[in-house]
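Asks: Let the sequences and hints guide you as you build the complete structure.
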Amino acid sequence: MMSGYVFPNEIEVNWGLFIVLYPYITGLVAGAFIVSSLYHVFGKAELKPVSRLALVSALAFLFGAPLPLLAHLGQPLRALNIMFTPHMTSAMAGFGYIYSFYMIICLLETYFMFREDFVHWATYSSGLSKRFYNLLTLGAKDISPEALHTDHRMVKILATIGIPSAFFLHGYVGFIFGSIKANPWWSTPLMPVIFLLSATVSGVALLILIYKVSCWVRRKKIDLACLNSLNSYLWIFLILATTLELLEVLHMGYESKEEWDLVRGLLTQAIPITYMGVQMGLGVLFPLILLPLGRWKRLGSSVRQTLTVSSGLLVLIGVLAMRFNVVIGGQLISKSMAGYAQFHATFLGPEGILPTMALVAIPFVFLLILVRILPPWLDGKPETANQDNITGIHSRWQLKQAGTK
Amino acid sequence: MKFTVSRRGFLVSAAKAVTAGILAPVATLTAAQNILADEPLQTKEKFSLWANNDWGFAIDVNKCIGCGLCVKACKQENGVPLDQEVYRTWVERYLKFSEEDVRIDSPRGGLDFKQYDVRPEKQFFVPKLCNQCKNPPCVQVCPVGATYRTPDGVVLVDRKRCIGCRYCIQSCPYGARFLHPVLKVADKCTWCYHRISKGLQPACVEVCPKKARKFSNLRDPNSEVATIRRKDRIRLLKPDMGTKPNVAYIDLDEVVK
Amino acid sequence: MVYLQEEPEKRSRIPQSALFRAGFLLFVVVTIFLLIRQAAVPKSFGQYGYYRGDNVEEWVSLPQNFAQGNPDCTTCHQPEVLQTGQSAHSQMDCQSCHGPLLTHVKNPKQPLPKVIGNAELCGACHRELIGRARDLVPTVKLGQHSGGLDCSRCHDPHKPLPTKGGSNL
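Taken in sequence, the protein lines are chains A, B and C. Sequence positions in the first sequence follow the working numbering and run 394 to 798. Sequence positions in the second sequence follow the working numbering and run 551 to 807. Sequence positions in the third sequence follow the working numbering and run 120 to 288.
These aren't lab readings, by the way, just hints derived from the structure by calculation. Just so you know, even glycine gets a beta-carbon here, dropped at the ideal spot from N, CA and C.
Each pair of labels, with its calculated beta carbon distance range:
id : chain 1 : residue 1 : chain 2 : residue 2 : range
1  : C       : D269      : A       : M750      : 52 to 60 angstroms
2  : B       : D770      : A       : K574      : 29 to 37 angstroms
3  : B       : Y666      : A       : T699      : 54 to 62 angstroms
4  : A       : L470      : C       : D269      : 45 to 53 angstroms
5  : C       : V234      : A       : F740      : 43 to 51 angstroms
6  : B       : D667      : C       : G266      : 18 to 26 angstroms
7  : A       : I629      : C       : A159      : 44 to 52 angstroms
8  : A       : R657      : C       : R253      : 33 to 41 angstroms
9  : B       : D770      : A       : I666      : 53 to 61 angstroms
10 : C       : H196      : B       : G792      : 43 to 51 angstroms
11 : B       : D667      : C       : T222      : 37 to 45 angstroms
Replies: In structure tokens form, the structure reads like this:
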């Protein structure tokens with residue numbers, strides 16, 4: 394039995410709760426974007442009610458993603474160095490350009506998706522709002538069928554490009570961990586795939602929650618076919634993600650290399666509650682059973698909704714626990730191979746629980762602002778038309794237009 | 551302006567947008583940079599410094615008495631706060647009671663060893679420091695080009711460039727790096743680069759009372775470290791990692807990682 | 120073309136299509152970024168490798184705190200250095216006990232704090248400590264050996280043995 398020895402420089406954990414947050418938030422972004430693309434690229438019509446909401450959510454969380462990183466850096470004022478002199482051998486150097494590229498894709502897609510609305514909102518509003526929406530049109534106010542056709546085509550192209558970009562946005566984060574040979578809990582080629590799959594899982598779960606909450610706030614009926622579809626996707630991706638996570642541990646245990654003793658000790662003694670209890674128990678086992686129940690037609694619709702939405706919440710908690718277990722758990726294994734460090738979470742201190750909660754809340758605040766500026770709702774508000782035919786290029790505003798022109 | 555909604559027309563317009571948006575500014579600015587670039591600076595001293603030296607370090611574990619003078623001297627020489635738990639170099643104590651029972655400690659990096667009334671089978675001290683690896687993972691993962699290995703064999707951190715992301719600290723298998731508590735950038739042992747470049751010894755080597763630490767220029771085949779590497783039974787730390795560490799330990803026990 | 124309001128009075132020179140406008144905006148943003156980047160990257164970056172070349176000089180010219188050791192001390196303190204060199208402490212450097220001495224070497228007139236040969240200083244090497252083999256360095260049980268007296272009462276640090284009392288124990 395080895396003594397609990399950690400190297401003197403390892404006494405304090407280097408990457409704390411803020412770094413747990415960053416992969417969590419970018420995971421939500423990637424997952425939400427994929428849901429949006431399932432509609433815009435693969436034509437999954439059941440997901441139409443959330444297709445715009447998904448993109449707006451992805452954008453809101455994308456704005457919030459760099460904040461935990463900036464807060465963590467020892468020299469945040471030099472953060473742009475990562476874009477000025479990115480070191481190509483470093484996975485982390487990808488952050489600047491991958492994030493910027495993805496941000497451009499999302500902004501452009503939002504522009505082309507909402508441009509027609511901007512034109513109409515500019516017309517029907519006044520004062521500051523009018524100027525604001527005029528600005529957002531970038532001066533391109535043509536809403537002929539041809540122009541709208543171009544818009545739709547661009548949305549589809551950007552959504553298509555966006556899928557591998559989303560993979561990169563989260564895959565590179567997985568590679569940041571997976572390529573560290575010094576850390577036995579992190580080092581595996583599966584890490585980018587595991588991260589990406591659990592990102593998709595968290596994004597779908599987030600969308601379930603946001604969709605339900607937004608319907609409840611707006612007093613609209615929830616589209617059950619859409620919710621069911623999200624439920625199915627969540628279930629499938631959850632199974633895939635968990636399979637790979639378990640495969641990794643199984644493989645490590647089977648090969649039984651030197652580091653296995655340490656990893657086993659980590660999972661059973663250092664982080665058993667967050668790993669087995671929260672990540673696997675609450676975050677996987679319960680949703681695995683509750684989600685199919687949520688699709689079982691024998692149950693009443695409100696029961697099914699509750700099952701799906703609570704599964705979504707459990708998954709969100711479980712994925713956060715997974716990020717915690719990877720980021721913090723990995724650092725608890727000492728490189729001395731002879732002990733475990735300790736993680737002390739403070740409430741108010743640097744990288745404490747309170748600032749972490751604030752950083753989680755901020756993207757939701759962005760979302761609240763964005764749904765005010767860019768209402769993504771597609772269900773029968775007075776200003777919008779009641780039909781949107783995705784195969785045709787007719788304007789959503791056709792009925793209104795006929796009235797004014 | 552009339553648009554014809556043909557696929558070809560559309561793709562051409564999209565291609566023009568991409569070209570305008572991204573490629574054109576890149577091309578123009580690259581061209582401008584070539585016109586404006588200066589001649590690279592060259593100083594004779596720097597090149598002779600690098601041309602003539604190939605630094606090497608060795609540690610004779612048989613000689614270390616765990617006095618901790620090296621730990622203190624390093625902090626004093628290099629401006630690392632004495633009262634904080636960060637160390638450019640430290641000393642570990644190994645007490646082996648049986649195959650399964652090996653106790654390791656390094657209280658305050660070796661400045662504060664406590665006496666215990668025990669009788670181990672084997673007992674020894676091991677000084678540790680940055681191995682200045684020839685294939686350093688810390689250099690590989692730095693996202694901004696703030697750390698590098700000089701041609702004479704030392705890995706340095708650019709304190710004005712480092713953003714304090716701590717990725718290099720995560721990647722070091724030896725625990726040699728830390729975040730400087732005052733400067734908020736990565737820091738580590740530099741083999742006292744400012745001393746060795748002027749013909750002096752690193753501070754830890756200077757003060758070691760038993761001469762357990764050895765430092766010399768490997769270019770000279772008769773120098774201390776070159777001779778040790780040639781003749782003695784030495785071991786490197788974690789050679790399987792592929793980092794190619796450059797600190798040779800004489801008679802290092804198997805339990806030391 | 121369909122506009123909701125009348126055709127705008129002034130026509131911008133930039134074509135009005137959404138695609139062009141978005142592309143143009145992207146062009147402007149990327150250009151500005153590249154200009155900033157040009158200004159922000161230090162000139163010596165990339166000189167010798169993927170790092171800022173000037174940094175090497177910054178490290179080389181850091182101030183030292185420890186002097187060169189015995190060669191520096193011999194200039195003024197030859198007797199002590201020679202004596203130590205023939206004693207049991209011959210392997211040691213003056214600074215092992217006297218600490219960083221560069222300021223003193225540069226400015227010898229400045230008074231230095233006196234180094235006291237007490238249990239704290241000498242005990243670092245000589246106290247009995249588990250881990251420390253007895254054949255490497257003579258050790259004593261601190262607290263028992265001298266009954267609280269400073270080590271330098273009986274041992275001259277520059278010639279620790281024989282003790283000032285006489286015996287070579």
